[in-house]
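Undergrad: Each chain, letter by letter, is given below.
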Amino acid sequence: MSKNTCFHCGLDAASAKITFDDKAFCCNGCQTVYQIFSENDLSCYYDLQDSPGATPKDIEGKYNFLENTKIVEQLLEFNNATTQIVTLYIPHIHCSSCIWILENLNKLHPNISSSIVNFGKKTVRINFNIELLSLKELVILLSSIGYEPFISLDDYSVGKKHINRTLIYKLGVAGFAFGNVMFLSFPEYFQVNEFWLEQFKPLFRWLMFAFSVPVVFYSAQDYFISAYKGLRTNILNIDVPIVVGVTVLFIRSTADIIINTGSGFFDSLTGLIFFLLLGKFFQQKTYSFLSFERDYKSYFPIGITKITNDNEEESIQVYDIKKGDRLLIRNEELIPVDCILIKGSARIDYSFVTGESKTVSKQSGDKLFAGGKQLYGSIEVDVLKSVEQSYLTQLWSNDVFKNDKELSFTNITNKISKRFTITILSIAFLATSFWLMFDSSKALNVFTSVLIIACPCAIALAAPFTLGNILRILGKKKFYLKNASVIEQLSKINTIIFDKTGTITANKETTINYEGLELSKNEESLLKSTLRGSNHPLSRSLYQLLNQNDIVTLDAYEEHLGKGITASYKNENIKVGSASFIGHSAHTATLNTSVHVSTNNTYKGKFTFYNTYRKGLSQLFNTLKKEFDLVILSGDNSGEKENLTKLLPTKTKLLFDQKPEDKLEYIKYHQSEGANVLMIGDGLNDAGALAQSNVGIAISENVNVFSPACDAILDASKFNQLYHYINISKSAIKIIKWSFLLSFIYNCIGLYFAITGQLAPVVAAILMPLSSISIVAFTTIATNILGRKFE
Amino acid sequence: MSVIYVLLTISIIVAVGFFIAFIMAVKKGQYDDSYTPSVRMLFEDELVKETSEKTILTKKDQ
Chain R
18 MSKNTCFHCG LDAASAKITF DDKAFCCNGC QTVYQIFSEN DLSCYYDLQD SPGATPKDIE
78 GKYNFLENTK IVEQLLEFNN ATTQIVTLYI PHIHCSSCIW ILENLNKLHP NISSSIVNFG
138 KKTVRINFNI ELLSLKELVI LLSSIGYEPF ISLDDYSVGK KHINRTLIYK LGVAGFAFGN
198 VMFLSFPEYF QVNEFWLEQF KPLFRWLMFA FSVPVVFYSA QDYFISAYKG LRTNILNIDV
258 PIVVGVTVLF IRSTADIIIN TGSGFFDSLT GLIFFLLLGK FFQQKTYSFL SFERDYKSYF
318 PIGITKITND NEEESIQVYD IKKGDRLLIR NEELIPVDCI LIKGSARIDY SFVTGESKTV
378 SKQSGDKLFA GGKQLYGSIE VDVLKSVEQS YLTQLWSNDV FKNDKELSFT NITNKISKRF
438 TITILSIAFL ATSFWLMFDS SKALNVFTSV LIIACPCAIA LAAPFTLGNI LRILGKKKFY
498 LKNASVIEQL SKINTIIFDK TGTITANKET TINYEGLELS KNEESLLKST LRGSNHPLSR
558 SLYQLLNQND IVTLDAYEEH LGKGITASYK NENIKVGSAS FIGHSAHTAT LNTSVHVSTN
618 NTYKGKFTFY NTYRKGLSQL FNTLKKEFDL VILSGDNSGE KENLTKLLPT KTKLLFDQKP
678 EDKLEYIKYH QSEGANVLMI GDGLNDAGAL AQSNVGIAIS ENVNVFSPAC DAILDASKFN
738 QLYHYINISK SAIKIIKWSF LLSFIYNCIG LYFAITGQLA PVVAAILMPL SSISIVAFTT
798 IATNILGRKF E
Chain B
1431 MSVIYVLLTI SIIVAVGFFI AFIMAVKKGQ YDDSYTPSVR MLFEDELVKE TSEKTILTKK
1491 DQ
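Chains R and B supply the protein sequences, listed in that same order. Counted from 1, the first sequence has number 738 at position 721 by my numbering; the numbering is strictly sequential. Counted from 1, the second sequence has number 1468 at position 38 by my numbering; the numbering is strictly sequential.
Looking at chain B on its own, in the form it has when it is part of the complex (with noise of 0.2 Å):
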């Protein structure tokens, strides 16, 4: 019966992890802001769009 003990070690581990893992989210600002990502997400097919090569700068030039 001591699996408990690995049980219980595997268990805490684990929940152990996802709380550091949550400390670090916090840290790196994560919580900060609860809306723009949630926007950005959906835009992921236009930002990979090939960047345009015409920009104000080369207007201007031409």
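Chain R with its partners taken away, still in its complex shape (with noise of 0.2 Å):
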């Protein structure tokens, strides 16, 4: 292990300079964590994994809700006098070493029985007993090791949620059936004429008949179900053929051994279902650790600190918040309703709302919205509005969330169904009526075979396969999908639309300018000197930038909230802040941040704090440029407008201070001027438009923490491979073509066959899974070209 890096969490160690047990760490938190394990015999923890840790955060009073038993009894899935079982959400959980120690909780604490990881959603299931640990140290615990759980207002009806098995039950029976059929079917393929084979040829049928009645009324039932919905609102969707064969194709069988003249065709009956729904099974990849339908609910807490007229300090829940409730707000606690600031300097922090990161301040009287965050320190708040009334909830109501996207659109499938359907049922019925006129007991026959072998089987798994393999090559890419669809509605995209904050630019950082006269070392030193004093964020982000100067003592310090600092040392006096407070006011048309700063009454120049733009984005946007029409729709105001103009090709539109709505509206516009849009967001304020889009991706430094509701979640650091994955979609829907001739092909040859009524049992038990097999391999191995060739 290096002496450079951590040896718990992996950071970057050399200046921290702490050893212990010859070992370097980053922080003392790092540190204690390392300690508690080593001292509890969990150090095989660092065996598994390298510096699998994460720093664990200073959480003091966040989790005081907990003592609210109201709250906790709603959190606990299993409650009784002496066992509870919790589900705790853990972003952390990331590799082998988390599940080991998650799963050894019982050595930390003697009340914890047990503790289950689910590595796939990032759980884990508690069992302990609230008599001697209650939840709250549980949570507190699981902090000061690096695994703080998220808890918020979704996790509030826990334990009701029911896990959806029915498809891998229903695949379950399909495949029993299909391969007991397939082994019953042995005789009649070799057409072997022996005597005993011919007496109990039968049974055989029957025995085959009972197999696929399950199959027929229970796997195939979603797709009797589509096609009657479908034919109900006058769509004839990809499930009508499918069903018209699987009904033929049962009924015909179930006639063919009653009348003794044949075996009938379930074992293409059964394989064809088990086929189909082997595909579905396929393309339902999920990524059940992020949540993509996300809205206020997973980032407000459940509870907050009431402070009672008697001045006590109360837990309670968030939807009990009334109308002029005096509030407390502790520092990095989420403000949950609209409220006035009443007591304590505040800072917001409203990155979660609008994406920006950084913090406004604001004083006693002054309104704060729900969705923001405070920093440094607590403060008191007067309630205005209820939780569902406030600003940022109201967002929710909007319709465009109540609109289900996969439901308007016609998928590349549905569209070649309409066609193939019309063209099948005439195929069907002008050879009936040769027959009739020809042989006219083989009409009949013609007619079912007709329809058994143009059962479009081949075509409706191109896509379900070929879009479940996109989507996981995506995902290894760092980009999630809500579903299949998704895929399809990005191969359309013309239009891209980005948010500007946090969309384009990095959240964390910005790059600082000094415009100005030449500062002097003394005054360099004076500057730090006053700025270590402050607390404000843009002091912060200036006193780290400034050169380590000596720091002197101040003999006068004075800060004036919301406007600046005055300070003094020697004969010297300094002046930072605003504009307005250094008394220069000819810059004061600016539309930047900018920090002011004037020595011995002289205006010496202004720090001015710019936005950091993601990598990669100018050659980007200059790659898009030559497909998409490109916009900016930026909630900020237009200071940064002539730096993206410099950066950004020419044709890209520019909009400044759009709210929400103007983002949604702007969308729905163009949208009804035939455009499709893909919009890139990132925060609450985007809600709406990701929600109106075609496709609305989230980006997102985290993906397992934040995100708004969207349809595809796309990890910060693969921006720039934006254009990539829009070219997989498009790929991937050429391929999906492909297939559809390839079946179209063997339709053909098996139409040729059903005409001329020679289609045996034999034929089409060959032909039927040659067609499904050989075009699952197809998609399977052009979907890994195409992946590989993206690396």
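Each hint should be verified, as a subset may be incorrect.
BS3-like cross-link-like pairs, simulated, lysine-lysine; straight-line CA separation at most 30 Å [unchecked claim]:
1. B:1457 with R:390
2. B:1457 with R:138
3. B:1458 with R:297
4. R:580 with B:1458
5. R:751 with R:685
6. B:1457 with R:384
7. R:302 with B:1457
Here are a few chain R residues that sit away from chain B, every Cβ distance over 12 Å (derived from the structure) [unchecked claim]:
8. 29
9. 120
10. 182
11. 234
12. 326
13. 382
14. 394
15. 502
16. 622
17. 633
18. 653
19. 683
20. 687
21. 784
Calculated from the structure, these hints are not laboratory results. Since this is a predicted model, take the numbers as computed values, not measurements. We treat Cβ as the ideally placed atom computed from N, Cα and C, and that holds for glycine.
Assembling the complex is the task here: the two chains are given apart, and the hints tell you how they should meet.
TA: Structure follows, in structure tokens:
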């Protein structure tokens, strides 16, 4: 293990110079966690993976709401006198070490009896005794070892979530029946004319029938329902020809064995349904640790501290907050309702709402909006509106959130199936009428054969297998899609709209520029010393930037809230702050955030804060502009306009000062003009726009924790790959079209046998699985090649 | 040749047995998490180890 990286979390440890047990650590937090683990014989944690830990955060007071028994009861999954079970979502779970340590929690605390991790969902289910260990203590214990759980309003109705396993059951039934029917059909395949086999033929046939019944009536249920729904709304979806095929197969096969004319097509029937369900299963890739349907509930805390009339603190549920209540918002706590600041200095981080990471200072009497996070100390506020009526939560009552995008979209398979169904039906009727005239005994046979062989299983399989595989490939590249139909939508995009802050700018970084007269060494040292005393976020960023100079002890220091700082040392005095505070009015017109400096009453200059744009932004825009219309919709002022026009291609539209509703309306308008819009955003203020657009991608620096409702989540580090992702989806659609061609050829061959009245069960038994399997093989190979091409 | 009846009965009973086992496995949630058990399996030796008397609680009491 190198001495430069932290033994616990892998961050840079060279500057901290903390060593313990001959190992380097980046901070005391990491060292403490290591100490806890090593003292409890849990150092195996570090054997499984190199530096697997996370730095524990300071969480004092954050979980006080867990003292409220009503809240705790809602979170518990099981509760009796001696045993409680709780399932906690822990975003940090990422490797086998995490599983190991969380399943060994009982070694850390005797009152935890067992814990089980679900890695896919990033949850841990803990069995403990609440009389000896409260839920709050448990959460604090987890946080102290770097596994802080994420508890939000969303968890409030925990334990009632039903896991849907019907598809697995259906697949199991179909697979079971398919295997057995194939097995029982062997004598028929080889046409063995052996006395005893002839004797047992009826028994075999009826067994096959028995196996097929649950497949048709249970496993294939969804196809019947979907076809019925489609027909009722006058849509000929792909399920209609499938259902026709299945029905004809079943009735004809049953009739065959009743009147003893053959063994029917039960093998094809069960195989067909099995493959179809398999395709569905394959497409059902879910990123269960991600949530694509998040609304404000996922961010809001469950409980909040209320200050009662007797000046006592009390934890109450967020839903119980009433107008006029006085609340205590602690450091790092989220404000759940719109309110007025009463006491304390508020520095609000609205990044959840706007994506803007710069904090805003507020003074007592100012209005605070729900969704802001208080930094640096606690404040007291008076509630203006209840949770449901707050500005942010009101956004979710918009109708866009009620539309299901998947339903309003005709996918490629359904588009083809419309023509397909009509063609097949006409061929069936034409062929039948021909045979009616020519040899009427064969007519019925031909009619059913055409419908059986034309059953579009290969077409129905092409899309699920291709899209399912692409979904997996993109997921590996940190682009997580909600479902497979997003890929199809993505391939049709012609307009891309970006949000600015947090989307094309990196969230936590800013660059600072100095303009003005050069500062002398003394002045610089004075400035540094002055900034050191201030807790204002801008002061903190500026302080980080300035060179380490000799820090002097100031003779006088005064901070004027919301304006600036004055300080003096020996004969020199300094003023740092806003332009008006410095007494320099000429530069007030600038829209960028800047800090002005004057010494000894002469104006020196200003430090301007600029956003830092994501790596490869310019290049990405230049590639994209050839094929798409590009727009930037920003909620911020136009301070960065000049900077952006320089950086981006000339065709890019730039719109500033857009409210959340404006963004939504803009997209709606362009959609009505025929645009297929891809919206990329990050804050809750983009949620409406993301829902309205054809494809809404949320960009996130930490995919586990924060992203608004969307169709896809993109890891911020892969932002410059966007063009590739769109290309992959376009190629996926091409693959599907090729598979359609392939299955069309199979159908033509099959139809030849069917129309000429030669469709023996053995032909169907060969042709139908062969077409299905070869389509699956083709799409799998093609998508894998595609995935490798974009490495 | 009626032995074929016996054979068929046995084979179908075996098949149905496996099928029931499958349904039960799904019901018990065996397919809900397909990753963690594969990792957990490798920890077996660690978990058997004697539970240490020293815990955070006892440490505080000292």
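Undergrad: Against each hint, give a clear statement of whether it holds in the structure.
TA: These are the hints, each one checked on the structure:
Pair hint residue 1457 of chain B plus residue 390 of chain R does not hold up; C-alpha atoms about 43 Å apart against a cutoff of 30 Å. With a C-alpha separation of about 18 Å, the suggested pairing of residue 1457 of chain B with residue 138 of chain R holds against the 30 Å cut-off. For the hint linking residue 1458 of chain B to residue 297 of chain R, the alpha-carbon distance of about 22 Å falls within 30 Å, and the restraint holds. A C-alpha spacing of about 63 Å is found between residue 580 of chain R and residue 1458 of chain B, which places the hinted pair above 30 Å, so the restraint is violated.
Restraint check for residue 751 of chain R and residue 685 of chain R: the C-alpha separation of about 29 Å stays at or below 30 Å, so the hint holds. Distance hint between residue 1457 of chain B and residue 384 of chain R is unfulfilled; the C-alpha atoms sit about 52 Å from each other, more than 30 Å. Between residue 302 of chain R and residue 1457 of chain B the CA atoms are separated by roughly 20 Å; this keeps the pair inside 30 Å, and the hint holds. Listed as outside the interface, residue 29 of chain R is consistent with that label: its C-beta sits roughly 29 Å from the nearest C-beta of chain B, beyond the 12 Å cut-off.
Residue 120 of chain R, annotated as away from the interface, has a beta carbon of chain B within 12 Å; the closest lies near 7 Å. Annotated as non-interface, residue 182 of chain R brings its C-beta within 12 Å of a C-beta of chain B; the closest such distance is 6 Å. Listed as outside the interface, residue 234 of chain R is consistent with that label: its C-beta sits roughly 17 Å from the nearest C-beta of chain B, beyond the 12 Å cut-off. Distance check on residue 326 of chain R: its Cβ is at least 37 Å (rounded) from any Cβ of chain B, clearing the 12 Å threshold; non-interface status holds.
The claim that residue 382 of chain R is not at the interface with chain B holds, since no C-beta of that chain comes within 12 Å of its own (minimum 45 Å). Non-interface status of residue 394 of chain R relative to chain B is upheld: no Cβ of that chain comes within 12 Å, the nearest being about 29 Å off. Residue 502 of chain R, annotated as away from the interface, keeps every beta carbon of chain B farther than 12 Å; the closest lies near 24 Å. The beta carbon of residue 622 of chain R sits about 54 Å from the closest Cβ of chain B, which is more than 12 Å, so the claim that it is off the interface holds.
Every CB of chain B is more than 12 Å from the CB of residue 633 of chain R (nearest about 33 Å), matching its label as outside the interface. At roughly 42 Å from the closest C-beta of chain B, the C-beta of residue 653 of chain R stays outside 12 Å, upholding its exclusion from the interface. No Cβ of chain B comes within 12 Å of the Cβ of residue 683 of chain R; the nearest lies about 42 Å off, and the non-interface call holds. The beta carbon of residue 687 of chain R is kept farther than 12 Å from every beta carbon of chain B, the shortest such distance being approximately 42 Å.
For residue 784 of chain R, the condition that its CB be more than 12 Å from all CB atoms of chain B holds, with the nearest at approximately 27 Å.
In this structure, the earlier hints numbered 1, 4, 6, 9 and 10 are contradicted, and the remaining ones agree with it.
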